[in-house]
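What follows is the residue order along each chain.
2 protein chains.
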Amino acid sequence: MAKFQAPKGTRDYYPAEMAWRRYLEGAWQRVSIRNGFEEVEGPIFEPLDLYKVKSGEGIVSELFHFTDRGERELAIRPEFTPTLARMVAEKANALSKPIKWFSMPNLCRAERPQRGRLREFLQWNVDLLGTDSPVADAECIYTAVDLLRELGLTPRHVKVKISHRDVVRRILMRFGVAEDKIQDAFELLDRRDKIPAEEFNEQAGKLGLDQSTLERFNQVARMRVGSQAAWDDIAEQFAIPQEDLEDLAALHEQLKAFGIAEWCEYDMGIVRGLAYYTGSVFEVHEVSGAERAIAGGGRYDKLIEMFGGPSTPAVGFGMGDVVLTLVLADKGLLPDDVTPAADVFVLVADDSARCKMNGIVGALRAAGLHTRFSYKTTTNVGKLLKEAGQCRARFAVILDAKTDQQNTVSVKNLQTGEQSETGIGELVPVLKG
Amino acid sequence: MAKFQAPKGTRDYYPAEMAWRRYLEGAWQRVSIRNGFEEVEGPIFEPLDLYKVKSGEGIVSELFHFTDRGERELAIRPEFTPTLARMVAEKANALSKPIKWFSMPNLCRAERPQRGRLREFLQWNVDLLGTDSPVADAECIYTAVDLLRELGLTPRHVKVKISHRDVVRRILMRFGVAEDKIQDAFELLDRRDKIPAEEFNEQAGKLGLDQSTLERFNQVARMRVGSQAAWDDIAEQFAIPQEDLEDLAALHEQLKAFGIAEWCEYDMGIVRGLAYYTGSVFEVHEVSGAERAIAGGGRYDKLIEMFGGPSTPAVGFGMGDVVLTLVLADKGLLPDDVTPAADVFVLVADDSARCKMNGIVGALRAAGLHTRFSYKTTTNVGKLLKEAGQCRARFAVILDAKTDQQNTVSVKNLQTGEQSETGIGELVPVLKG
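Residue numbers (our numbering), protein chains in the order written: chain A, 1 to 433; chain B, 434 to 866.
If we strip away everything but chain A, and leave its shape as in the complex, we get (with noise of 0.2 Å):
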């Protein structure tokens, strides 16, 4: 029994569990660049009431906070977004528009850790500020699909499921909700699949929504649109103006234009409960429903505000590594072996050549030659050869008898078997041509 272990609901990476996570970053961070994103980071912590003003008092039992010395209460970070509304704030007016951010912070939350959720997970930022066009809310939706394409993943594995705040506050409210009942509506739609049918009637009962008219609202919420036409019929269908569905209609095209239609569906049951978001949402979901949402986001216009800055429009999403992982391991699309392997391997078959082992392997690492070699002293070729295919080595570069006095090596091509003499001082061209 180990002496110490990880904290509940975090992680050790070793090396192969490390490997995948770059796999991951560099997808993340690859896709983020060609889609004209920069990345920024903020710290680990951050004053406390940062985290309130967005999400209330009632975020603090999820936080693990602290106070310092000079009796500061901090927070580690649950979310990257009010570290990057603060950031905009601060240097609102330097900064020229739109601006384009992605991170990939580690975050925290002190929550039970249970499937898909972690006490510390790592989380892609992607945020578009500064316009209010709906080519931002696509652009984002885009910027999304081509990392799950990236990955492997395709229309069959997962969609992007999308609504806006604006279509289903008109629509509720043709139907019967009052406009200060609209934000209760939003939270109990959102947490309509986590509460018993009954619950959630006699919630929806309250609100203005009786049996009828929520098995209404349930068919246009759960329609599916794949051209101009399908809103025309919606809208005639359930007796909507046509202009009650136009943000929806106009992202649509956009999402069309960026050649996306495929991985995209429209759900008004999706509106997600934070409070913020004032535009588009969406989120990103396993196609059978398996597993909780892959990322979340949509437009949030008022939110730079709120923190001090300028009345900036903008839109993003957080896609967290957990559901993700889960979600690709199902699929079979977890890559092998993502480990990098090695150039060349350096082995000494002859005693008298060890003298020249470090001076070969430091110009081979110099030249940028991923370089290893074995401490162990046996002379012993085929033990060597296996060290060097166990780090995947390209390359062996063998030390022979003939090595100290004629300064050659032998190389041999681990794919191919060819094996031949050269000068010490041949050996990166070789290597490199």
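Calculated directly from the structure, the hints in this document are not laboratory data. The hints are all genuine.
Below, simulated DSS-like cross-link-like pairs (lysine-lysine); rule was C-alpha separation at most 27 Å, straight line:
#1 A:Lys-91 x B:Lys-809
#2 A:Lys-97 x B:Lys-436
#3 A:Lys-256 x B:Lys-835
#4 A:Lys-52 x B:Lys-436
#5 A:Lys-161 x B:Lys-789
#6 A:Lys-91 x B:Lys-816
#7 B:Lys-735 x A:Lys-376
#8 A:Lys-97 x B:Lys-816
#9 A:Lys-54 x B:Lys-441
#10 A:Lys-8 x B:Lys-487
#11 B:Lys-594 x B:Lys-627
#12 B:Lys-530 x A:Lys-376
#13 B:Lys-524 x A:Lys-8
#14 A:Lys-91 x B:Lys-436
#15 B:Lys-689 x A:Lys-402
#16 A:Lys-8 x B:Lys-485
#17 A:Lys-256 x B:Lys-789
#18 A:Lys-97 x B:Lys-819
#19 A:Lys-3 x B:Lys-487
#20 B:Lys-789 x A:Lys-97
#21 B:Lys-436 x A:Lys-302
#22 A:Lys-91 x B:Lys-441
#23 A:Lys-376 x B:Lys-524
#24 A:Lys-159 x A:Lys-331
#25 B:Lys-809 x A:Lys-97
#26 B:Lys-809 x A:Lys-256
#27 B:Lys-441 x A:Lys-52
#28 B:Lys-809 x A:Lys-302
#29 A:Lys-3 x B:Lys-485
#30 A:Lys-3 x B:Lys-530
Chain A is fixed; fit chain B onto it per the hints.
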């Protein structure tokens, strides 16, 4: 005045700062991998007790610590070594030796921010466990030098100052320090530059080093060694048996063989106060003595046992980002602009072509090209090309009056000014070719 600011002693990374951080982390990672180290990571917080194992109760005041809802005492990591020791101890039997690990964690210390010290910083950790060969000590030092060289530093800028606890112990004992005062003597030597000379001399006297012995020790400590002859000279000059120096002489041979002798100095004043070092100790310093140590490390053969693992010889070092960055800045070695340049900027020169923009942008990104476009609705090509220049795009793809009807665009090479017409379907091969 902004409503919120980053906590004292922490940093916000806007895109330019983040690009520099990635540049530095990229160098750490590249150099680690080519030297055969594998990356690992651990949790951002650990049980508070984990940090008391090697540092005692005294460490607690330097930590950001807190309790979770299960009343477990936790702390944000102030260093990575305890996590590494825990991870090695937990899987010691399953890990093949030697274990060569690196990591680049963010660490937090609740100390007063000052030049070269922040409350949150990055630290490159390089550790080699499972062999007591001096080749391992030399390989770690080589890896540190390989990084310094990778960033443009030379032996004119920085030196590795090397000592060895056993050598210093033998000399101190030969000069009259009792065996049970050796640890106190190490701690005193470590504080030499931090306390007044008078206090140092008084404390040294108590340990058995009178004024003339201390001067003799100083001469040995600050010796300059370049060859075997010099080691012999020192032994003779100070009437020390050659075997008293043999650990350093053996390490020196290995460093010379790695081709980095000119980066290394021997300085027995370097003992590093931490009690857990058992053999070689070393620090990287700016040559003029400006700034704190850039890196520090050494051999710690007893540590894994302290964390409940099997007896495991080990050597390693840590290099923070803060002092390193100050030194690079001072030497003019900070690169100018390391933010990623765009491959392509797509611009709409005629409103009839706007309907094609998303599709072209999406197709280029899906092909891996870093593609930007303007959120401005102007069709003024001059203004749009200026925006293309700001993101350092190599190509502009111009959508014009013919684009919508004929599916053609103009491709402008922004380095040469050359411009030609291309079918939309040919765009990817044209831009990638």
